[in-house]
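Asker: These protein sequence lines map, in sequence, to chains R and U. Heads up: the first sequence begins at 2 in the numbering used here, then just goes up one per residue. Heads up: the second sequence begins at 48 in the numbering used here, then just goes up one per residue.
In short, the hints are calculated from the structure, not lab data. A hint or two may mislead.
In silico DSBU-like cross-links for lysine-lysine, where the CA-CA straight-line distance does not exceed 30 Å [unchecked claim]: (1) R:K10 - U:K116; (2) R:K84 - U:K154; (3) U:K154 - R:K58.
Being a predicted model, the structure only gives us computed values, none of them experimental.
The residues making up each chain are set out below.
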Amino acid sequence: DGGITQSPKYLFRKEGQNVTLSCEQNLNHDAMYWYRQDPGQGLRLIYYSQIVNDFQKGDIAEGYSVSREKKESFPLTVTSAQKNPTAFYLCASRGGAGNTIYFGEGSWLTVV
Amino acid sequence: AQSVAQPEDQVNVAEGNPLTVKCTYSVSGNPYLFWYVQYPNRGLQFLLKYITGDNLVKGSYGFEAEFNKSQTSFHLKKPSALVSDSALYFCAVRDTTSGYSTLTFGKGTMLLVSP
């Protein structure tokens, strides 16, 4: 199937731990994105990458890191510096007519 | 800068009635406008977009949206609502002339369709 795959769907993190969320796409899109979703706040951009080996900070990059070593993959690491990491994380890629952004199914991260 | 406002946190409509979910935007240049729908615990699904051309855009599941440049609005509409349309709807904008390549989303509007 073509699309964007995020894993794991649910992840629990202890205080002080780093965790990595996986995002893989087989749509041959150049641009990829990470958004954070909190209730009542909509989606906020964490990081984005327009091409391999390049990425830019979004609106709420503090406490997060990314890499873009392959076109298909854009993993997000939530570091211990992120003060309130419990949220729903959405990966997306952009392509097609009008540069539409398409989303994965999301990953829930909970700090315990 | 670019921004989106969805003035209603929730819209309630009876099944079979027409629905409207409101969206206004602000960009410095020409906008690309999008609507997405999100069901519980799922990612966002693309519904429709306005790039250029006809101001009335038709999308998936019978939804349509009207681009109004003078009012800087892009309201989502459907002539006859279904209970299965109940979900969270997001409007998004991208300024095509500023070089800013990302989408900015509104806070979302919960649509509840009653039987």
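Asker: Give a verdict on every hint.
Answerer: Evaluated hints:
{"no.": "1", "hint": "R:K10 - U:K116", "verdict": "40 Å, violated"}
{"no.": "2", "hint": "R:K84 - U:K154", "verdict": "22 Å, holds"}
{"no.": "3", "hint": "U:K154 - R:K58", "verdict": "21 Å, holds"}
Comparing the model with each numbered hint stated earlier shows that hint 1 is the single one that does not hold.
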